[in-house]
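Residue numbers (the UniProt record's numbering): 1 to 103.
Everything labelled a hint here was simulated from the structure, so no lab data went into it. For each residue, glycine too, the CB sits at the ideal point set by N, CA and C. A portion of the hints provided could be inaccurate.
Calculated cross-link-like contacts (lysine-lysine; reagent style BS3-like; alpha-carbon spacing at most 30 Å) [unchecked claim]:
# : residue 1 : residue 2
1 : Lys67     : Lys6
2 : Lys2      : Lys67
3 : Lys91     : Lys6
4 : Lys6      : Lys96
5 : Lys6      : Lys28
Distance ranges between label pairs, derived from CB positions [stated by the list, open to error]:
#  : residue 1 : residue 2 : range
6  : Lys67     : Ala24     : 15 to 21 Å
7  : Asn102    : Asp11     : 20 to 26 Å
8  : Asp16     : Ser82     : 28 to 34 Å
9  : Asp86     : Lys6      : 17 to 23 Å
10 : Ser82     : Ser47     : 30 to 36 Å
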Amino acid sequence: MKPAVKEFQDDTALMDEVKRQAAAGIAKDDLFVISHDDDRTDRVAGSVNANEPDDLSNLVGTRYDKKGDELRAIFEEFGFTSNESDDLEEKLDHGKILLLINS
């Protein structure tokens, strides 16, 4: 089953949502923060103890020349279709940061 996806423009709003999810009993291992900018992802995920793409790279097992290709492959490993993965990666292209919630 693919995770629920919540998108945010604002890092603070995402961090608040992670705290709400944790308070509702969602384990941090089931929360994944993904953005197009590795520094942003590291900063946000680290501040709320959520997972980040580096933790997901083992799922993919392949390195990609382009960040977009790598992110689409990660989304597909989570069970998203190719079209859904393209749509999610495009949101990241526009500066969004995503929270994937396995529940």
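Verification of the hints:
no.	hint	verdict
1	Lys67 with Lys6	holds, 20 Å
2	Lys2 with Lys67	holds, 21 Å
3	Lys91 with Lys6	holds, 11 Å
4	Lys6 with Lys96	holds, 10 Å
5	Lys6 with Lys28	holds, 15 Å
6	Lys67 with Ala24: 15 to 21 Å	violated, 31 Å
7	Asn102 with Asp11: 20 to 26 Å	holds, 21 Å
8	Asp16 with Ser82: 28 to 34 Å	holds, 32 Å
9	Asp86 with Lys6: 17 to 23 Å	holds, 19 Å
10	Ser82 with Ser47: 30 to 36 Å	holds, 32 Å
Hint compliance for this structure: hint 6 is the single one not met.
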